Amino acid sequence: MKRLIAIVEDEPAIRDNYAAAFTREGYVVRAYGNRAEAMAAFNARLPDLAVIDISLEDEPEGGFELCRQLRALSAELPIIFLTARDSELDAVSGLRLGADDFLTKDLSLAHLIARVNALFRRVDALRKPPGEETQMVRRGPLVLDGERMRVEWDGTVVLLSLTEFWIVHALARHPGHVKNRQQLMDAANVVLDDNTITSHIKRIRRKFQSIDPAFDALQTVYGMGYRWVE
Amino acid sequence: MSLRLKLLLLGLATLVLPWDGIRYAREMEAALRESERHALQAVSETIAASLQGRMDLLYRNADESGPAGTGADDLTPLVLTASPYIDGYPDDWPRDRRAWRYFGAPPHRFGILTGIHDRMLYVLLEADDPNPVFDAPGANPLDSSALGDRIWIGYEDPQGIQQQVFLALTGAGPIIARRIEAGEYGEETAIEDPRVVGALQPQPGGYDVEIAMPLSMVGRQFGVLVDNRDQRGANPLSYGTLRSTDLHTLGRLIVASPSLTPYLAQFMQPGMRLSVSTPGGAVLAQSDELAVPGLLAAQPGVLTQFYRRFVDRRGEPQFIASGAPIFDAGHHALIGKLEVTQAANRFEGLRDRALTRMLDLTLVTSAIAVIVTFAFAARLAVRLSRLRRASESALTREGLVTQFPETAVPDELGDVARSFSRLLGRLNEYTGYLRSLAGKLAHEIRTPLTIVRSSLENLESEEVPSAARQYLERARQGSERLNAILVAMGAATRVEEAIGNAERARFDLTPVVASAVSAYGVAFPERRFATELPPEPLEIDGAPDLIVQLLDKLIDNAVDFSPPGATITVRLRREPTAAVLEVDNPGPPLVPEARGRLFESLWQSRSGSDSRPHFGLGLYIVRLIAEYHRGAVAAADLPTGEGARFGVWLPLADLPLLPNYNEKVKLESV
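Quick note, the sequences are listed as chains A and B, same order.
Throughout the first sequence, residue numbering follows the numbering used here, covering 1424 to 1653 in sequence.
Throughout the second sequence, residue numbering follows the numbering used here, covering 729 to 1398 in sequence.
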């Protein structure tokens, strides 16, 4: 069965281009221009994944509201935020809205499709019964499940976005090794500028610190990058 | 010339007021003097009229035929102010030579000066006689064979009888006066006359004799004769105002009536002199109170004397005089002359008081005007310079508008200040608009760019003729560059946002800089990096991420302006209140127009093309981050002149920030 992707984007040209790309990849795409339209459709039928632009027509943060409503309908539906501004990345700090990833519109279509595929993989992995833990990475209190893209700290699940997951994954696999920003971007399969990486790192720290205030495993090596310290 | 000076000069222009006052005082004084003169003339004419025909009042002997023509032998005594001491020395006589009368001819000549004072008649003789012959001591003065030089005094006594007294010269000292009396048998004896006192003093080429006698002895006529002998007993050479044959008087003694002086006194006023003289000009009587200070005159004060120096004209006569002739009863003949002299400054006190008051008033007015003008000028200058300072500092070099002082003063200057304020307000809005333009522009362009890029990516998946592929590739490259430009344009905005979200923490600057610099070698393999770090920790309050970004931008800048292979030095040092981070790069010195503008948004001195987009934001970001840390930035040429140094001052943690910290840093470093 083909998966249904909903795209909520007020700019028709971008919407149509994204729709075309996803269609080409074999997804069924439904595109909506505003929140009301999208909500009406979601109430009728939930998509398998939603790509939502944060600013929608006359609502500068309509995407957040839509995300909240959508999460109310389904707790497991994968949601990707598309942002035009880096500043919005900080506005959605934490997974309080329940989004699974944040991507800027600078991202190429190929990358976007790769992220969507990865998300579907994560959803699939979560649905599978826990089998052999070959993909498991354990570093002290940290447990990384590469299969399900799940992170635990001291036994508590840390809700990381996909980008954040890959950043933590890349760092924690080789503790003590400094990864520069480019390496992190490659690992997360995104093209982001330095500031965006910094934003992600900060958000990751905050998420871990919300569980363990003494968290200090993710360190900055100024001028070089970041490293995971056990 | 400053405004203050100009207005001061304007104020000084009121000094024309006292100057006018002085001129006015002068003219008033001239008028006063003129009227005084007129009044004096009237007074003198009145007194002269009262004396008309009053021979009895004028002259001692009113029944005289009249003094109309003073004869050659008439003597008019001076009115002496004091009685001379009879010692033969003429030093207590008036020095005026005009009153002298001379008789005889040189070398045998004598001059005679007569004077009266206090009802005494005084005679001073000045005889030219190279060979005075004195009587032999103890000789009979009437022994004709022993006769020496004689002085005869002849006079008509009040009864009209001719009398004579002679003085035989006996050497220096008192001379005895004698009169000759005929005895019962016709013999003559010389009898001392004690009423007449004389004294002699020899002089070079002659001798002086002083004689005094009571005026009451003398009637109308009086004369003096000198018998000059070459040797004792010789025939004398006689000359004088006595007939040599019988020693009868030839001339009159013209003396004022005793009641003239009291008469004149009734007209006297202080500071006035009344004098009556004969038609010939000899003074008969004089009532003199010129020297008496005027009733109103007081010793003028220092200020008054100072004023007077401006008002008084040089050469102004100290006295005003007026004369009037005195006629006889029939108004035919002149019988005398009256002269009235008055001190010109008789009303000096009055005048001085008026002058002082007027000048005081005008000077005080002027002074007030000057002070008020100066105060006004000073206030104006202060306000103007405040306005100037405010307008100079209103715009920072970065084009930011700082606070402009509000004023509520409802005058033109206040209007100017308010217009400035409004103007700057608008400028501020415009500057703010321009500053946010890049960020807004980047954001607005991003959406259409996303359309272009996603369209191109979709197109790549389509069947495209291979000939069209290259165009597709070029379009993709173009859009990538456009994206890079957008990222660069938004950099400052992102940094501003990052600064807004940054969390301030205390950290040691040294390891942060050290680790950052160690990474640059990898990033820029064509440059070498040297560090000069302090041994001790340098703790500041701030965000290490931002500091690294700041250093990134400084290194970017240093790399751009240095040749390949150059060594870039990163130096961290401690100043009393701040940590100083310096980046030196060899290369060209700063372009002069760059000074002070380097750290502005969108300013760059770069020329030439570069694949990387430059918006001149790098150093602007440096400044933003430095200012977030309450620090300052500066750029200067290296001392060698071959390169540039960029410095960032970051206040140390826990140190009180000097209020003028930024100013100080700028002054020291640029």
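A hint or two may mislead.
Over 10 Å on every C-beta distance to chain A, these chain B residues come out as not near it, computed from the model [claimed, not checked]:
1) GLN931
2) ARG971
3) SER1005
4) GLY1009
5) GLY1058
6) ASP1280
7) GLU1303
Facing chain A, from chain B, some residues (calculated, C-beta under 10 Å) [stated by the list, open to error]:
8) THR1084
9) LEU1169
10) THR1175
11) THR1178
12) VAL1180
13) ARG1181
14) SER1183
15) ASN1211
16) VAL1215
17) ALA1226
18) SER1246
19) VAL1276
Only some residues are given here: those of chain B computed to face chain A with a beta carbon under 7 Å [as the list claims (entries may be wrong)]:
20) ALA1010
21) GLN1014
22) SER1182
23) GLU1185
24) SER1189
25) VAL1240
If you are wondering where the hints come from, they were derived from the structure by calculation, not from laboratory data.
These numbers come from a predicted model, not from an experiment.
All residues carry an ideal CB built from backbone N, CA and C; glycine is no exception.
Hints, one by one, checked against the model:
GLN931(B), annotated as away from the interface, keeps every beta carbon of chain A farther than 10 Å; the closest lies near 126 Å. With a least beta-carbon separation of about 148 Å from chain A, ARG971(B) lies farther than 10 Å from that chain, consistent with its non-interface assignment. The Cβ of SER1005(B) lies farther than 10 Å from every Cβ of chain A, with a closest approach of about 122 Å, so its non-interface assignment holds. Distance check for GLY1009(B) against chain A: the nearest CB is about 123 Å away, which clears 10 Å, and the non-interface claim stands.
Interface exclusion of GLY1058(B) from chain A stands, the closest Cβ pair being 134 Å apart, more than 10 Å. Interface exclusion of ASP1280(B) from chain A breaks down, the closest Cβ pair being 8 Å apart, not more than 10 Å. At the 10 Å boundary, the C-beta of GLU1303(B) stays outside the reach of chain A, the nearest C-beta of that chain being 22 Å off. This hint is violated: THR1084(B) has a C-beta 85 Å from the nearest C-beta of chain A, more than the 10 Å allowed.
Hint status for LEU1169(B): violated, given a least beta-carbon distance of 13 Å to chain A, over 10 Å. A cut of 10 Å between beta carbons decides the hint on THR1175(B): the least distance to chain A is about 6 Å, and the hint holds. Because the beta carbon of THR1178(B) sits about 4 Å from the nearest beta carbon in chain A, less than 10 Å, this interface hint is met. A least Cβ separation of about 9 Å between VAL1180(B) and chain A falls short of the 10 Å threshold, and the interface hint therefore holds.
Of the supplied interface hints, the one on ARG1181(B) holds, with its beta-carbon coming within about 7 Å of a beta-carbon of chain A, less than 10 Å. Residue-level restraint check for SER1183(B) holds (minimum Cβ-Cβ distance to chain A is 5 Å; threshold 10 Å). With 10 Å as the threshold, the beta carbon of ASN1211(B) comes within range of chain A, its nearest partner Cβ sitting at about 6 Å, so the hint holds. A cut of 10 Å between beta carbons decides the hint on VAL1215(B): the least distance to chain A is about 6 Å, and the hint holds.
Given hint, ALA1226(B) at the interface with chain A, holds; its Cβ is 6 Å from that chain's nearest Cβ, closer than 10 Å. Interface hint status for SER1246(B): upheld, as the beta-carbon distance to the closest one in chain A is roughly 7 Å, under 10 Å. The restraint placing VAL1276(B) at the interface with chain A holds, with a minimum CB-CB distance near 5 Å, inside the 10 Å limit. Hint status for ALA1010(B): violated, given a least beta-carbon distance of 126 Å to chain A, over 7 Å.
Interface hint status for GLN1014(B): violated, as the beta-carbon distance to the closest one in chain A is roughly 119 Å, over 7 Å. For SER1182(B), the shortest C-beta to C-beta distance to chain A is roughly 4 Å, which falls under 7 Å, so the interface hint holds. Interface restraint check for GLU1185(B): the shortest CB-CB distance to chain A comes to about 4 Å, inside 7 Å, so the restraint holds. Taking 7 Å as the C-beta contact cut-off toward chain A, the hint placing SER1189(B) at the interface holds, the least distance being around 6 Å.
Residue-level restraint check for VAL1240(B) holds (minimum Cβ-Cβ distance to chain A is 5 Å; threshold 7 Å).
Going through the hint list in order, the structure does not satisfy hints 6, 8, 9, 20, 21.
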